[in-house]
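Okay, here's what each chain looks like letter by letter:
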Amino acid sequence: MSDAHAESHLPTYTRVIITLAVATAIEFGIAMFIGLDEAGVKPKMWMIGVLALIGLAAWKAILVGKIFMHLKYDPKILSLLAITPVVLATPLCAFCIWDGIAGPGF
Amino acid sequence: MSNLAPIDALGQTKYSLKRFGYTPGKFAMWLFLASDAMGFVGLIGAYIILRASMPGELWRPLVGDWTEAGGLPHLDPILTGINTFILIISSFTMVLALDAIQKGKQAGLKLWLGATILGGATFLGIQVYEYYHLMHAGLHVGSHLYGATFFVCTAFHGMHVLSGVIYLSCIWIAAARGKYTAENHSAVELVGIFWHFVDLVWIILFTIIYLF
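Protein chains in written order, with my numbering: chain A, 1 to 106; chain B, 1001 to 1212.
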């Protein structure tokens, strides 16, 4: 099989792996900064750190999906298929987090 | 009997590629991954709501009779961070394998597929090591919701890694027999998509379970 995008993406792959490594290092930095076991001490900073960590993880996942899994180069219908669970998961997770905060909470 | 001429698989694949821009195998793989992702969504959603509704020590008791030491043990984000890095690198070696066969390089395909298998096996080895130490410290599936959610989420992912390593090994054996060429390497691309999915899910799981 040879896709329409069979040209080499090696330089892009290299840039992505470096970006993923750097982003993981930044995640560690944030995790250290917000304190793994002191969430109750700085709740506001903790929440900002958590949002930053989730944002970085989502960005890394999008990079893997778009570049390594070739969604950027493939027909849009495959991206639509890939994004379906995310579309379903987002309101579910948003509700779960809201419910957690509204209940005994963070 | 039908009067229609038989359609060979490769001809059908080429037709689909020309007509739609993707092979039937690739569409099927994405369909499978979309449904598989629902399973992860359920587990991650359950983890989030349980954790959000149990603040501080309710989530991970520091005292009590849960373990020999009393409280539940800490997870080791450094060790698992190294493991995460290994899985990310294995995704890179997977795209190098695909790039090699797209250029018709059989040796490169075998080398990078082998490196990907090694990365996956190393990840599993470190996960087993982590489980052994946590269980030795007294953390089990039945040790509080903390233990249950941790083991269920990470083991469900671990089974995917194990499946991926077996799947990759099958492709490596076929590659060693010279089955794939620059014109015919659909199976390599499909195993790659599965492997990257396993990596992608771990990126999310690692952040949620280990980093905060």
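Hints may contain errors.
What the hints assert, rightly or not - DSSO-like, lysine-lysine: derived pairs with alpha carbons at most 27 Å apart:
| # | chain 1 | residue 1 | chain 2 | residue 2 |
| --- | --- | --- | --- | --- |
| 1 | A | K66 | B | K1018 |
| 2 | A | K72 | B | K1103 |
| 3 | B | K1105 | B | K1018 |
In case anyone wonders, no lab produced these hints; they're calculated from the structure.
Predicted model, so just to flag it, every value in this text is computed and none were measured.
The hints, checked one at a time:
1. A:K66 to B:K1018: Holds - the C-alpha atoms of B:K1018 and A:K66 are around 22 Å apart, at most 27 Å.
2. A:K72 to B:K1103: 20 Å, holds
3. B:K1105 to B:K1018: With Cα atoms ~24 Å apart, B:K1105 and B:K1018 stay inside 27 Å; holds.
Checked against the numbered hints given earlier, this structure breaks none of them.
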